[in-house]
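Chemist: Keeping their order, the protein sequence lines are chains A and B.
Quick note, our numbering runs 745 ahead of the 1-based positions in the first sequence.
Quick note, our numbering runs 22 ahead of the 1-based positions in the second sequence.
Since the hints were made in silico from the structure, they are not lab data.
From the three backbone atoms N, C-alpha and C, an ideal C-beta is built for every residue, glycine too.
It cannot be assumed that every hint is accurate.
[As the list claims (entries may be wrong)] Mimicking DSSO-like on lysine-lysine, the simulated pairs with C-alpha atoms at most 27 Å apart in a straight line are: (1) K160/B to K211/B; (2) K850/A to K35/B; (3) K61/B to K136/B; (4) K160/B to K49/B; (5) K35/B to K136/B; (6) K136/B to K850/A.
[Said to hold, decoys possible] Pairwise CB distance ranges, derived in the manner of DEER restraints: (7) A779/A to Q360/B: 26 to 32 Å; (8) N831/A to E89/B: 30 to 36 Å; (9) E812/A to G191/B: 52 to 58 Å; (10) E812/A to P86/B: 37 to 43 Å; (11) M32/B to E805/A: 45 to 51 Å; (12) K850/A to E75/B: 56 to 62 Å; (13) E762/A to G193/B: 45 to 51 Å; (14) A779/A to E89/B: 50 to 56 Å.
[Said to hold, decoys possible] Residues from chain A that keep clear of chain B, each with C-beta distances beyond 12 Å, as calculated: (15) M760; (16) G767; (17) V768; (18) E805; (19) E816.
As a plain string of letters, each chain reads:
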Amino acid sequence: MRDNSLIQVSEEKVMPELIEKGVWVEVHRIELAAGARAPQVPRDTQDVPLEMRVKGFLLEPAAIGDEAEIETFAGRRVRGTLVEVNPPYTHSFGPPIPELSTIGKELRALLRERGGNP
Amino acid sequence: MSGPSYQELMARKAGIVKASTGLDYSKYATGALAFDYEKLLADTGYDIDTVREVQAQTAVGNTPLVELKNITELVRALAEPGKGAQIFLKDEAANPSGSFKDRRASLSAHEASKRGYAGVAVATSGNYGAAVASQAAKAGLRCVVVQEAFDSEGVAQPEIAEKTRACEGYGAEVIRLSVGPELFYVFLKVLEETGYFNASLYSPYSILGIETLGHELVMQVRESARRIPDVVIVTHAGGGNLTGTARGMRKAGAADTQVVAASVDLSGLHMASDRDFNRKSFTTGHTGFSMPFTTWPDRADVPRSAARPLRYMDRFVTVSQGEVFYATEVLAELEGLQRGPAGNTSLAAAFSIARGLDEDRIVVVQETEYTGAGKHPLAQLNLARELGIAVARGDPRGNRPGERIVIPQHPWQIEAVEVDLDRVRRSYLGHAMESLPEGARLSETDLEFLVAETRASRSTVEEVMNEFAGERR
Numbered sequence: 746m747r748d749n750s751l752i753q754v755s756e757e758k759v760m761p762e763l764i765e766k767g768v769w770v771e772v773h774r775i776e777l778a779a780g781a782r783a784p785q786v787p788r789d790t791q792d793v794p795l796e797m798r799v800k801g802f803l804l805e806p807a808a809i810g811d812e813a814e815i816e817t818f819a820g821r822r823v824r825g826t827l828v829e830v831n832p833p834y835t836h837s838f839g840p841p842i843p844e845l846s847t848i849g850k851e852l853r854a855l856l857r858e859r860g861g862n863p
Numbered sequence: 023m024s025g026p027s028y029q030e031l032m033a034r035k036a037g038i039v040k041a042s043t044g045l046d047y048s049k050y051a052t053g054a055l056a057f058d059y060e061k062l063l064a065d066t067g068y069d070i071d072t073v074r075e076v077q078a079q080t081a082v083g084n085t086p087l088v089e090l091k092n093i094t095e096l097v098r099a100l101a102e103p104g105k106g107a108q109i110f111l112k113d114e115a116a117n118p119s120g121s122f123k124d125r126r127a128s129l130s131a132h133e134a135s136k137r138g139y140a141g142v143a144v145a146t147s148g149n150y151g152a153a154v155a156s157q158a159a160k161a162g163l164r165c166v167v168v169q170e171a172f173d174s175e176g177v178a179q180p181e182i183a184e185k186t187r188a189c190e191g192y193g194a195e196v197i198r199l200s201v202g203p204e205l206f207y208v209f210l211k212v213l214e215e216t217g218y219f220n221a222s223l224y225s226p227y228s229i230l231g232i233e234t235l236g237h238e239l240v241m242q243v244r245e246s247a248r249r250i251p252d253v254v255i256v257t258h259a260g261g262g263n264l265t266g267t268a269r270g271m272r273k274a275g276a277a278d279t280q281v282v283a284a285s286v287d288l289s290g291l292h293m294a295s296d297r298d299f300n301r302k303s304f305t306t307g308h309t310g311f312s313m314p315f316t317t318w319p320d321r322a323d324v325p326r327s328a329a330r331p332l333r334y335m336d337r338f339v340t341v342s343q344g345e346v347f348y349a350t351e352v353l354a355e356l357e358g359l360q361r362g363p364a365g366n367t368s369l370a371a372a373f374s375i376a377r378g379l380d381e382d383r384i385v386v387v388q389e390t391e392y393t394g395a396g397k398h399p400l401a402q403l404n405l406a407r408e409l410g411i412a413v414a415r416g417d418p419r420g421n422r423p424g425e426r427i428v429i430p431q432h433p434w435q436i437e438a439v440e441v442d443l444d445r446v447r448r449s450y451l452g453h454a455m456e457s458l459p460e461g462a463r464l465s466e467t468d469l470e471f472l473v474a475e476t477r478a479s480r481s482t483v484e485e486v487m488n489e490f491a492g493e494r495r
């Protein structure tokens with residue numbers, strides 16, 4: 746994991762770290778600005794832009810926050826702001842939910858009372 | 023910002039759809055509203071045997087039918103003496119990408135290859151994306167999946183995050199969007215730019231691909247119980263699952279089996295709301311899709327949806343979020359099957375429906391889907407809690423989407439709630455009237471079409487249409 750996107754070059758100046766060509770990255774862009782949304786969408790959605798995030802291989806070296814171009818898995822070229830390098834999959838399960846944890850035990854007891862199998 | 027405006031692109035929609043589906047929908051029109059539905063399907067040239075052959079090439083279909091012995095036992099323990107139907111489950115998670123959606127994707131990928139398209143594109147946040155990506159991988163086609171994936175705070179819906187991973191795992195490009203129906207605008211831009219085949223969920227290929235599911239389940243019940251099923255319960259969203267399954271069942275000789283649509287009740291939440299997006303706890307199988315698509319199927323990404331659920335449903339029920347999470351837990355702990363959760367909507371309904379039927383009746387829960395990180399009750403309930411939604415055990419009638427998820431205390435509290443089909447039919451006819459071009463009159467063919475669409479009587483259709491016409495004047 747990268748710990749930051751900046752490297753110190755002098756005490757006064759910081760230079761953004763360039764990500765090499767060919768690295769798997771994600772770009773972000775605004776597809777429809779707030780106010781240019783479809784007429785039928787509700788107010789809370791009208792008030793925010795339609796955002797797009799696409800991953801691909803970086804075509805030219807660029808730094809986080811730069812406008813960059815990528816080539817996607819499908820071979821399309823997409824431009825956007827470079828926002829992430831090798832973006833992780835972070836979806837998970839999280840902790841057990843106590844409200845679900847006892848259901849199996851309750852039902853096995855119920856079936857036992859009735860002389861069932863489990 | 024680049025590219026055409028929303029309005030500019032929408033004006034080119036018809037041409038883009040025609041090029042990307044290879045179908046000229048206009049030639050099926052037979053009236054101001056009517057079109058020849060059966061001809062639209064038949065012209066594809068796929069009968070059920072051909073579909074089966076295509077699907078066999080990628081190991082799609084022929085999924086196991088599992089007798090849920092312990093759940094049947096449980097239901098009988100709750101029922102009046104002599105009541106409690108035998109419950110079977112069609113384990114569609116056994117398909118290559120983990121859901122029945124492989125059946126829908128298989129014909130599209132086959133058709134795209136046959137016609138020489140370089141790739142397939144699809145607008146979906148669900149299992150269907152993984153199915154198209156999987157089929158495209160096998161067929162050597164490129165694939166783009168457009169998803170509604172995160173809200174304006176950047177929070178991804180965990181189940182959709184898992185679908186992103188799955189699609190990318192099959193080598194597909196995934197375009198992730200924030201909330202809103204303009205996903206269709208982005209999708210049209212992709213189709214126009216790439217010239218790919220539109221593997222629409224609502225194309226004839228998608229529906230014909232599901233017919234094998236309905237056909238198989240009838241044949242499997244026949245084999246194991248020497249009779250046809252009495253009730254088949256289908257998790258219902260856009261209508262394709264119900265339409266294709268019911269059509270396949272009829273082809274297997276089960277025209278009298280009751281077809282029940284079951285959806286998770288998400289009333290009170292707005293489907294295009296940025297705020298509500300992560301408060302739904304379900305990404306499919308819910309009323310946010312099933313109500314609009316049942317009352318007007320032609321709101322899809324093709325001009326005429328091949329999914330026309332009102333033609334095939336005998337009953338429509340809803341269950342609560344908490345009841346589906348409960349059913350998911352029961353399936354895992356009593357039957358040893360971790361599946362769902364969204365696909366278990368019909369299982370939750372089965373608890374209640376089977377309880378009221380005689381013991382010698384057979385109920386089939388028509389699908390399952392794979393489960394995993396993000397796509398799991400724990401992921402959904404943890405996110406709900408983070409967003410301030412209460413999660414508690416109690417009477418499921420107290421469940422309030424977006425505010426409170428109530429996990430039943432006891433299985434006998436699970437109660438499928440009937441949707442009034444006459445109101446649904448009326449709503450359909452209202453939409454039909456709205457879509458009637460200014461000045462156009464309904465022909466005899468149109469009226470016959472509306473009768474077939476709604477399964478209402480001719481006199482009811484005429485009465486309601488006259489009433490709406492009066493309001494319009």
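Chemist: For every hint, state whether the structure bears it out.
Modeler: Results for each hint:
In summary, the hint linking K160/B to K211/B is supported, as the alpha carbons are separated by about 26 Å, within the 27 Å threshold. About 55 Å separates the Cα atoms of K850/A and K35/B, which puts this hinted pair outside 27 Å; it is violated. As the CA atoms of K61/B and K136/B are separated by approximately 21 Å, the hinted pair is consistent with the 27 Å bound. Note on K160/B and K49/B: the hinted pairing is violated, with a Cα-Cα distance of about 33 Å set against a maximum of 27 Å.
For a cut-off of 27 Å, the pair hint linking K35/B to K136/B stands: about 24 Å separates their Cα positions. Distance check on the hinted pair: K136/B and K850/A sit about 53 Å apart at the alpha-carbon level, beyond 27 Å; violated. Separated by about 41 Å at the C-beta atoms, A779/A and Q360/B break the suggested range of 26 to 32 Å. Checking the proposed 30 to 36 Å range against N831/A and E89/B shows it is violated: the Cβ atoms sit about 46 Å from each other.
Take E812/A and G191/B: their Cβ atoms lie about 29 Å apart, and the range 52 to 58 Å is violated. About 52 Å separates the C-beta atoms of E812/A and P86/B, a value inconsistent with the hinted range of 37 to 43 Å. Take M32/B and E805/A: their Cβ atoms lie about 34 Å apart, and the range 45 to 51 Å is violated. As the Cβ distance of K850/A to E75/B is approximately 47 Å, the hint placing it in 56 to 62 Å is violated.
For E762/A paired with G193/B, a C-beta distance near 29 Å fails the hint of 45 to 51 Å. With their beta carbons about 54 Å apart, A779/A and E89/B fall inside the hinted range of 50 to 56 Å. The Cβ of M760/A lies farther than 12 Å from every Cβ of chain B, with a closest approach of about 27 Å, so its non-interface assignment holds. With a least CB separation of 17 Å from chain B, G767/A remains clear of the 12 Å interface cut-off, as annotated.
For V768/A, the requirement that its beta carbon stay farther than 12 Å from each beta carbon of chain B is met, with the minimum near 16 Å. At roughly 18 Å from the closest C-beta of chain B, the C-beta of E805/A stays outside 12 Å, upholding its exclusion from the interface. At the 12 Å boundary, the C-beta of E816/A falls inside the reach of chain B, the nearest C-beta of that chain being 10 Å off.
The earlier numbered hints that this structure contradicts are 2, 4, 6, 7, 8, 9, 10, 11, 12, 13, 19.
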